[in-house]
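Q: Take the sequences, apply the hints, and build the full model.
Residue numbers (numbering that gives the first Met the number 0), protein chains in the order written: chain A, 0 to 329; chain B, 0 to 329; chain C, 0 to 329; chain D, 0 to 329.
Warning: the hint list may mix true and false statements.
Unchecked claim - Below, simulated DMTMM-like cross-link-like pairs (lysine to aspartate or glutamate); rule was C-alpha separation at most 20 Å, straight line:
| id | chain 1 | residue 1 | chain 2 | residue 2 |
| --- | --- | --- | --- | --- |
| 1 | A | K324 | C | D198 |
| 2 | A | K138 | B | E254 |
| 3 | A | K138 | C | E27 |
| 4 | B | K244 | D | E263 |
| 5 | A | K244 | C | E27 |
| 6 | A | K244 | C | E200 |
| 7 | D | K244 | B | D198 |
| 8 | C | K138 | D | E254 |
| 9 | C | K244 | D | E263 |
| 10 | D | K138 | C | E200 |
| 11 | C | K138 | D | E263 |
| 12 | A | K138 | B | E329 |
| 13 | B | K138 | A | E263 |
| 14 | C | K324 | A | E329 |
| 15 | B | K324 | D | D198 |
| 16 | C | K244 | A | E329 |
| 17 | D | K244 | C | E263 |
| 18 | C | K138 | A | E200 |
| 19 | D | K308 | D | E185 |
| 20 | A | K244 | C | E263 |
| 21 | B | K244 | D | D198 |
| 22 | B | K244 | D | E329 |
| 23 | C | K244 | A | D198 |
| 24 | C | K244 | A | E263 |
| 25 | B | K85 | B | E27 |
| 26 | D | K138 | C | E263 |
| 27 | B | K244 | A | E263 |
| 28 | B | K244 | D | E254 |
| 29 | A | K244 | B | E263 |
| 30 | C | K40 | C | D60 |
| 31 | D | K138 | B | E263 |
| 32 | D | K244 | B | E200 |
| 33 | D | K324 | B | E329 |
| 34 | A | K244 | C | E254 |
To be verified - These stretches of chain C come out as covered by chain A in the derived footprint (C-beta under 8 Å, 3 or more residues):
| id | region |
| --- | --- |
| 35 | 77-90 |
| 36 | 243-256 |
Honestly, the hints are just simulated from the structure, not real lab data.
Here a beta-carbon is modelled for each residue, glycine too, at the ideal position from N, C-alpha and C.
4 protein chains.
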Amino acid sequence: MILRFAVLGAGRIGQVHARAIASVPGAELVAIAEPNEDAAKAARAAFGCEIRTIDDCAVADDIDAVVICTPTNTHADLIEQFVRAKKKVFCEKPIDLDLDRVRQALDVVNAEGGTLMVGFQRRFDPDFMALKAVIDEGKIGEVEMVTLTSRDPGPPPYEYIKVSGGIFRDMTIHDFDVARWLLGEEIITVQAAASVLTDPEIGELGDYDSVNVILTTASGKQCTITNTRRATYGYDQRIEVHGSKGSVSAENHREANIEIATAEGYLRPPLLNFFMSRYVAAYANEIAAFAKAVADATPPPTTGEDGLKALELATAALASVKTGKAIHLE
Amino acid sequence: MILRFAVLGAGRIGQVHARAIASVPGAELVAIAEPNEDAAKAARAAFGCEIRTIDDCAVADDIDAVVICTPTNTHADLIEQFVRAKKKVFCEKPIDLDLDRVRQALDVVNAEGGTLMVGFQRRFDPDFMALKAVIDEGKIGEVEMVTLTSRDPGPPPYEYIKVSGGIFRDMTIHDFDVARWLLGEEIITVQAAASVLTDPEIGELGDYDSVNVILTTASGKQCTITNTRRATYGYDQRIEVHGSKGSVSAENHREANIEIATAEGYLRPPLLNFFMSRYVAAYANEIAAFAKAVADATPPPTTGEDGLKALELATAALASVKTGKAIHLE
Amino acid sequence: MILRFAVLGAGRIGQVHARAIASVPGAELVAIAEPNEDAAKAARAAFGCEIRTIDDCAVADDIDAVVICTPTNTHADLIEQFVRAKKKVFCEKPIDLDLDRVRQALDVVNAEGGTLMVGFQRRFDPDFMALKAVIDEGKIGEVEMVTLTSRDPGPPPYEYIKVSGGIFRDMTIHDFDVARWLLGEEIITVQAAASVLTDPEIGELGDYDSVNVILTTASGKQCTITNTRRATYGYDQRIEVHGSKGSVSAENHREANIEIATAEGYLRPPLLNFFMSRYVAAYANEIAAFAKAVADATPPPTTGEDGLKALELATAALASVKTGKAIHLE
Amino acid sequence: MILRFAVLGAGRIGQVHARAIASVPGAELVAIAEPNEDAAKAARAAFGCEIRTIDDCAVADDIDAVVICTPTNTHADLIEQFVRAKKKVFCEKPIDLDLDRVRQALDVVNAEGGTLMVGFQRRFDPDFMALKAVIDEGKIGEVEMVTLTSRDPGPPPYEYIKVSGGIFRDMTIHDFDVARWLLGEEIITVQAAASVLTDPEIGELGDYDSVNVILTTASGKQCTITNTRRATYGYDQRIEVHGSKGSVSAENHREANIEIATAEGYLRPPLLNFFMSRYVAAYANEIAAFAKAVADATPPPTTGEDGLKALELATAALASVKTGKAIHLE
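A: This is the structure:
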């Protein structure tokens, strides 16, 4: 069975998903919906697919599933529209910046018996999957401490920051999801610190660029998350999990696996500089997992509920920064 | 311009090339020629291409180029047939086990003004290309010593060994080509040692499984090559180049970039276990380079002459083992 | 000039310092004071020094300096006694578990114009010194984030835990000092989480075995500290400092710098398993720095004030765990 | 029992051994013999020992053992003198540049029932010992291939090169000994290549600066040795042993175990730059092993015979370069 896709939005992340669909056997890209005419033409040229309106996609017989890559403030509406149209829905994170709006959308998904997968591609990275398998095989015993380091090479544009919901909801949200995935237990307490260190303009927009978070579960397992919006050496993405019998860690990806030795020392190349090159395999695996879940009629591996939980943690982290208190989730 | 390909032979390496062609924009797989009916059907299913005879491919108007992946003893004949049929020819190494037959085939290519590229995929590996770029940029100064380590996870089947021409012509030939590429100067002396250490049956077939070679150029640059037919930890492929200002090395590729720490120590996964997974990108880059050379009407980056030179070195290495002497090439 | 030492207390850490003194040119071990007769005899045999009482050491003309390695609850009294006796004083951390008692002792040191160095040996580890030099040379720009990972192979005996003052004052105190050293700015906020994950008995003693701490300075620089009392793979001691122009990190020390490759993968030995083997060079450097400060009549590199500040941070961390609030220091 | 030493010669290597003796419990430095008055004074100041003549050392009652660190052309005479004087003898490599003179000296040692240890310190390096233990425990199965990489940061002075006996007898001799130690089987064939690449003056002195050697044992095990007299990145000392079940390798030692990440990439410091800093522990272990062999009345771990065998390999390597033939040893 081939799952026939429409991608809504041909921006950066829309192109990533279109490319992923093209590389996955069992998935086919039928159409892209993109209001910007130049972007639409470029997408048609690049992917050899049709250009349709969103509404056309919703009623099309030759489309089984959509990937929602439009601006965040449209996600919840589109989820509701396409679930009602009986399409399988894959939505980029976050579902919405507002927790109540997210819950409302999930209610519609449930009422319609729809399928919603939320895009947390890191769970599908081959190295992170190998790390998770090591944990699941019991090789490090009981998980006790998770350490997540995520550093972006540079900040997004100010225009994006303004509507992003802030660093916790835009960037750390991926780490919150990874934390839940690896801790294997719901988080009950959030402590966070946040600063503006790389660019005062980010502070003037009401956001932060440098944050640390401690998460604790009911049984006392802990996770720390370190995020910054600037790393001169590339896109820094590391995981370390410490358990009762040992630890497991995943290494960064470099531009090339070479090393140059000179009088200055031993130099390895910087890291891959962009989430799109770093997570190529993850995006393809993610679409393949969605297609497989649809084919098998099983729940997708990352659900709307996962999207809601990660957003709750982001909201709590911000509250912790504002109040100086550990925030307890029920 | 799209280069339309036929692949001759749907064995292991034929499938590698078919897959590479499918992944390269600017290349299209039209047909596969494969006498074994089951293999032919499998290839058609996998690659969605036609099955034709070799002779049909030679005269087809919708085929611009062939990739020769048939048994070695047919390579020279097919090169001549397809060059005369005005097809662009990509041939897996070696052109032939016999130096004179190789020279004869190259004469035909030259007489016909044909295009022949020989498959030395390592030159197209992204890491090795990055290593070569470091040398070309002068970062390690003048090249003085090249160290090549190539270890196969296990030996090929006895049936293959019998017709392979021996380890120097079958396995080391890749290293001979890499040595020439990196030394940047023709080799004039070959010294070699060879043993049977992994399986006495290999010795009874007249071959070796463990060899070391020293190559020297006119100006005194040296290269050592270490080959074995058994490595429990995977497919070991390393290059180190030492120069007047420093060194550059390329690392192996692992199954996953993770590390597990326990009371036993710090464990990283074994290496990718097969040339087909290790060199996926190299095979795609190689076909892309061939397509580009055809499009640009430039000589291909690895020529029939390169194939001949590597075979001369392999022949000299065997002579060195047999005579206990350094063999001088003119 | 040779600085003539008495070591007070011949327990584990007393022996470390006795050995350090023996290895430092410019330092000489004259006497050890140790009430336990067997321990005293062993020390005399090992170090070839005299055994004296503490009071004898205080009045001896042939002793210039003492290293206080007695139980924590005697530190403050001994500091006062020896400072008044005009001896140069080196005291193991902590000065006392009670902040007021520490301040009182420091007042005596100041009133007497005495010299007091507190034992934070990590500042004298060659790798950590090299890391600090990289920061001081500006190679990573402005320091923004410090990440400290300290994991003990196993917990100390219950008897020790009872009188240790808890994990923050016993173990994390070293990290608090390193944080202050590397941030280059006083810390104003402490957030901490603490759990019992390795042994419930530790919880019954009122202590924790797994903690995470976030420290923030006035300008918004942050530091995270991760501590656990169990690491199967050895004594885990890592530092990473992230700055505006780059990062610098210090690696762990292994039992041997070898790697074994088999079908299981690539295995490096576990870490050195004990602070005494890991920090051999640091302890020697520390005593040398103390001797040099005395010879040069300069303040020692780690002062009583440093001891006080680290204890304040430990006290704040515990308060943060108890109250669930970020604790602000003035 | 304390072994009382005299060191003959207070040059660079003499000082290394004097320092090693001082650091070894069970060894005591009584005297140094050094004709150069300034050097003698410096040694007395540094090591607090007496200065005596060689002949005085030979007859002294308070000296049990000598370490011969004088110029090579005096080694054989001094071995004979001190063995006859019933002193235990430790001699720096080589015993002599002439094979017959070496055999003559060994005959005297045997006739006198003397103890002679030859200085091949690499066998006592902690990492190389750990590597050897891995082999001895059978973890990599049967040894098949040994790869030795030894690169000096720079060449010795011309004056030294003139009397050194050439690179094979001066530098490679250490690798020949390590090869014999790790192969566990005598070598029967030597093939070598040699060039002058770093400094033409070295060639004018009749020596080489860049060599590769292949050694083969009777059962077909092989070893390659790579030597150069210039490495901008420090003193490069690596061992890799490949066996039927896996491989084991020993890593280089750096100036510090840190890594700096910037836009240029990830930089680790260069290697320790000198054999004296690289092999500090090896020199101490070597003297300790000598003292232990004397105390236990067992043969020393590296005998005069080992010195002879390594020199035979060096001589054969030179012959291979000169004749272009594989040299067979009986």
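Q: Each hint should be assessed against the structure and marked as holding or not.
A: For each hint, the structure was consulted:
no.: 1; hint: A:K324 - C:D198; in the structure: violated (28 Å)
no.: 2; hint: A:K138 - B:E254; in the structure: holds (17 Å)
no.: 3; hint: A:K138 - C:E27; in the structure: violated (49 Å)
no.: 4; hint: B:K244 - D:E263; in the structure: holds (18 Å)
no.: 5; hint: A:K244 - C:E27; in the structure: violated (44 Å)
no.: 6; hint: A:K244 - C:E200; in the structure: holds (19 Å)
no.: 7; hint: D:K244 - B:D198; in the structure: holds (14 Å)
no.: 8; hint: C:K138 - D:E254; in the structure: holds (17 Å)
no.: 9; hint: C:K244 - D:E263; in the structure: holds (11 Å)
no.: 10; hint: D:K138 - C:E200; in the structure: violated (40 Å)
no.: 11; hint: C:K138 - D:E263; in the structure: holds (12 Å)
no.: 12; hint: A:K138 - B:E329; in the structure: violated (58 Å)
no.: 13; hint: B:K138 - A:E263; in the structure: holds (12 Å)
no.: 14; hint: C:K324 - A:E329; in the structure: holds (18 Å)
no.: 15; hint: B:K324 - D:D198; in the structure: violated (28 Å)
no.: 16; hint: C:K244 - A:E329; in the structure: violated (41 Å)
no.: 17; hint: D:K244 - C:E263; in the structure: holds (11 Å)
no.: 18; hint: C:K138 - A:E200; in the structure: violated (25 Å)
no.: 19; hint: D:K308 - D:E185; in the structure: holds (9 Å)
no.: 20; hint: A:K244 - C:E263; in the structure: holds (18 Å)
no.: 21; hint: B:K244 - D:D198; in the structure: holds (14 Å)
no.: 22; hint: B:K244 - D:E329; in the structure: violated (41 Å)
no.: 23; hint: C:K244 - A:D198; in the structure: holds (14 Å)
no.: 24; hint: C:K244 - A:E263; in the structure: holds (18 Å)
no.: 25; hint: B:K85 - B:E27; in the structure: holds (18 Å)
no.: 26; hint: D:K138 - C:E263; in the structure: holds (12 Å)
no.: 27; hint: B:K244 - A:E263; in the structure: holds (11 Å)
no.: 28; hint: B:K244 - D:E254; in the structure: holds (19 Å)
no.: 29; hint: A:K244 - B:E263; in the structure: holds (11 Å)
no.: 30; hint: C:K40 - C:D60; in the structure: violated (23 Å)
no.: 31; hint: D:K138 - B:E263; in the structure: holds (13 Å)
no.: 32; hint: D:K244 - B:E200; in the structure: holds (19 Å)
no.: 33; hint: D:K324 - B:E329; in the structure: holds (18 Å)
no.: 34; hint: A:K244 - C:E254; in the structure: holds (19 Å)
no.: 35; hint: 77-90; in the structure: violated (count 0)
no.: 36; hint: 243-256; in the structure: holds (count 4)
When held up to the earlier numbered hints, the structure conflicts with 1, 3, 5, 10, 12, 15, 16, 18, 22, 30 and 35 and fits the remainder.
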